[in-house]
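From first to last, the protein sequence lines stand for chains H and A. First residue of the first sequence: 1, per our numbering; consecutive thereafter. First residue of the second sequence: 1, per our numbering; consecutive thereafter.
To be clear, the hints were calculated from the coordinates, so they are not data collected in a lab. Check the hints yourself; a few may be wrong.
Copies of one chain are not kept apart here, so a pair can be met inside one copy or by any two copies together.
The list that follows gives simulated cross-link-like pairs (lysine-lysine, DSSO-like), each with its CA atoms no further than 30 Å apart [as the list claims (entries may be wrong)]:
no., residue 1, residue 2
1, LYS10, LYS36
2, LYS212, LYS10
3, LYS51, LYS218
4, LYS38, LYS275
5, LYS10, LYS227
6, LYS275, LYS218
7, LYS282, LYS57
8, LYS66, LYS192
9, LYS282, LYS36
Each chain is listed here by its residues.
Protein chains: 2
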Amino acid sequence: MKITELSGVKEIARRADVSIATVDRVLHNRLGVAQKTKEKILNIIKEMDYKPNILAKRLASKRVYKFGILIPNDHNKAGYWKAPITGIESAYSEFGEFGVELSYYLFDKEDRKNFVEMYDVIFEQPVDGIILAPIFLKESMDFAIKCLENRVQYVFIETNIPAARALSYIGADLYQSGRVVGNICQYLLEEKDNVLVINIAKNVDSAEHLEKRYEGFKDFMLETFKKINITNISLESDNAEILNYELDKLLKKRDVRLIFVTNGRVHLVAEYIRKHKLKNVKLVGTIIPFRILNT
Amino acid sequence: MKITELSGVKEIARRADVSIATVDRVLHNRLGVAQKTKEKILNIIKEMDYKPNILAKRLASKRVYKFGILIPNDHNKAGYWKAPITGIESAYSEFGEFGVELSYYLFDKEDRKNFVEMYDVIFEQPVDGIILAPIFLKESMDFAIKCLENRVQYVFIETNIPAARALSYIGADLYQSGRVVGNICQYLLEEKDNVLVINIAKNVDSAEHLEKRYEGFKDFMLETFKKINITNISLESDNAEILNYELDKLLKKRDVRLIFVTNGRVHLVAEYIRKHKLKNVKLVGTIIPFRILNT
DNA sequence: CTGAAAGCGCTTACAG
DNA sequence: CTGAAAGCGCTTACAG
Numbered sequence: 001m002k003i004t005e006l007s008g009v010k011e012i013a014r015r016a017d018v019s020i021a022t023v024d025r026v027l028h029n030r031l032g033v034a035q036k037t038k039e040k041i042l043n044i045i046k047e048m049d050y051k052p053n054i055l056a057k058r059l060a061s062k063r064v065y066k067f068g069i070l071i072p073n074d075h076n077k078a079g080y081w082k083a084p085i086t087g088i089e090s091a092y093s094e095f096g097e098f099g100v101e102l103s104y105y106l107f108d109k110e111d112r113k114n115f116v117e118m119y120d121v122i123f124e125q126p127v128d129g130i131i132l133a134p135i136f137l138k139e140s141m142d143f144a145i146k147c148l149e150n151r152v153q154y155v156f157i158e159t160n161i162p163a164a165r166a167l168s169y170i171g172a173d174l175y176q177s178g179r180v181v182g183n184i185c186q187y188l189l190e191e192k193d194n195v196l197v198i199n200i201a202k203n204v205d206s207a208e209h210l211e212k213r214y215e216g217f218k219d220f221m222l223e224t225f226k227k228i229n230i231t232n233i234s235l236e237s238d239n240a241e242i243l244n245y246e247l248d249k250l251l252k253k254r255d256v257r258l259i260f261v262t263n264g265r266v267h268l269v270a271e272y273i274r275k276h277k278l279k280n281v282k283l284v285g286t287i288i289p290f291r292i293l294n295t
Numbered sequence: 001m002k003i004t005e006l007s008g009v010k011e012i013a014r015r016a017d018v019s020i021a022t023v024d025r026v027l028h029n030r031l032g033v034a035q036k037t038k039e040k041i042l043n044i045i046k047e048m049d050y051k052p053n054i055l056a057k058r059l060a061s062k063r064v065y066k067f068g069i070l071i072p073n074d075h076n077k078a079g080y081w082k083a084p085i086t087g088i089e090s091a092y093s094e095f096g097e098f099g100v101e102l103s104y105y106l107f108d109k110e111d112r113k114n115f116v117e118m119y120d121v122i123f124e125q126p127v128d129g130i131i132l133a134p135i136f137l138k139e140s141m142d143f144a145i146k147c148l149e150n151r152v153q154y155v156f157i158e159t160n161i162p163a164a165r166a167l168s169y170i171g172a173d174l175y176q177s178g179r180v181v182g183n184i185c186q187y188l189l190e191e192k193d194n195v196l197v198i199n200i201a202k203n204v205d206s207a208e209h210l211e212k213r214y215e216g217f218k219d220f221m222l223e224t225f226k227k228i229n230i231t232n233i234s235l236e237s238d239n240a241e242i243l244n245y246e247l248d249k250l251l252k253k254r255d256v257r258l259i260f261v262t263n264g265r266v267h268l269v270a271e272y273i274r275k276h277k278l279k280n281v282k283l284v285g286t287i288i289p290f291r292i293l294n295t
């Protein structure tokens, strides 16, 4: 770079022989620039590999970015969402002064209609970005489309729906989590053992999510034991009767050595095992709560 | 806040009836300000709970911050330090344009003299902050003192020395790691079992570090089993003869159910077990490599 | 010991 | 369709 070279918009303006206001218009794709001028400027931008200085941008702009946060209220799972909220607030206290505003929209985890109501409310006000827990599959897909229509970026938290192509996903890697479970359980098993993997998901939607954990577990197992026998079932309710019925059937058929429940509902199976006084079956569950890191 | 209130240095200057240059002098504790003026300004700053705008600061200042990175070269442990370097480079590509410069100082992990040579070199040039792996205890303490003398901030990576009061520590929480091992191993043990925990640290220094992992393991175990019997030994070399000698002694005395080696040198004990064809002892080790997150 | 002024790289009315 | 100018909240010579 020559020492005489101005940087940023000024240099672009100099090269294009226009004012920086015009450069700014092109940079933000605003109307009111002659096609020819626009092209010239665009070429120079490309030529220079121009990267705007975000510090200067933020300093000069009065614009406030508004974020909506769409997560379950904590009425059922006491305190589960405390940690992410703490994290959001901590980030806010760091960046809030640079033009960020937060709005919370808490919905009832058991009520998909309420989820839809809440996300409709979000769009009543201008919003730039959204963090959401997409625990209802179909409704969340609809929501994603609405975000795209409104040019609003969205990020998933806790549950992921890869197909909905969020900007990013904050939460556990369920596939890896399943592999870890497999890794630990390998010491409890032998070749040709029977293993039962149970997904218990109250709404159909998160079943797909839990499936990932099963995949990880299964892949690890099959890499370790060629002839292990893994049966996977998904229950769409946490009703004890149904669970008992299924377990009766499955455990009668074969000698199951290990049961892996892919989420925290493992206690339901624990009760079954206790009631039937089963001695030879090992039980494993998975719970990965959010954690507040000490800083 | 009144709408007429200016913000930042301007407002301070207005209230103190001085120029912003003088405010700046006080803010940076520079010489050449009358004691009275200084006090007045200091009071106003406190009153306003003034927080400088770091965006404006960085934009206005031409100052470049220089960071030194003092970590082992990878000649022995192939690739172990690739991940943190990737992380550093990724952060650099994000922030480098805002005035950050990096210098690497790689030392020989087996040679504490080399570590000292390298850190002497660091101070030959101006430096603002240092990331280091303090794997040599005494030398790292000396280094910390040198940093304090030079008013240079330092951050530890991989190994922590709490007493050296670094700005922060990047790495595994060894105490929690030990608890996790305990948590998993509880299913392999019963009340009154004998457990052996072995720290194998080539240099005395990291022994203290490994101790933390033992603490976590022990605490979890004692919370779970009241009468479990845990023996802990620390070896200062990875010499197989010495290890074998110690293991002979320890395993003769009592019926050991589980051996936990607090780092990756677990393979040394594995060899012993294989050679002696021990069947009833379980072996557990811990390796937590750095990982590159996919983004 | 203190202040006026230019500048960092952008954005934002406003004027033409 | 385009430009001159002020401003964001700081820092940095320079002058006195």
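Practice problem: Evaluate LYS51 and LYS218 at a C-alpha cut-off of 30 Å and name the case that applies: within, between, both or neither. | Solution: neither (45 Å within a copy, 53 Å between copies)
Quiz item: Checking LYS282 and LYS57: alpha-carbon separation at most 30 Å within a copy, between copies, both or neither?
Solution: Answer is neither: 58 Å inside a copy and 60 Å across each miss the 30 Å cutoff.
Exercise. Indicate which option fits the pair LYS66, LYS192 if close means a Cα-Cα distance not exceeding 30 Å: within, between, both or neither.
Key: Result: close neither inside a copy nor across copies, 56 Å intra and 59 Å inter.
Quiz prompt | Same-copy or cross-copy closeness of LYS275 to LYS218 [CA-CA at most 30 Å] | solution = within (28 Å within a copy, 33 Å between copies)
Exercise. Have a look at LYS10 and LYS36 and pick one of within, between, both or neither, based on CA distance no larger than 30 Å.
Key: Answer is within: at 19 Å inside a copy they meet the 30 Å cutoff, but 43 Å across does not.
Self-check item: Alpha-carbon proximity context of LYS38 and LYS275, limit 30 Å
Solution: Classified as neither; 76 Å inside a copy, 77 Å across copies.
Practice problem: With 30 Å as the alpha-carbon cut-off, assign the pair LYS212 and LYS10 to within, between, both or neither. | Solution: neither (51 Å within a copy, 56 Å between copies)
Practice problem: Classify it for me, LYS10 with LYS227: is the Cα-Cα distance of at most 30 Å met within a copy, between copies, both or neither? | Solution: neither (68 Å within a copy, 75 Å between copies)
Exercise. Could you place LYS282 and LYS36 in one of the four classes (within, between, both, neither) given a Cα distance threshold of 30 Å?
Key: Intra 73 Å, inter 76 Å, cutoff 30 Å: neither.
In this structure, the earlier hints numbered 2, 3, 4, 5, 7, 8 and 9 are contradicted, and the remaining ones agree with it.
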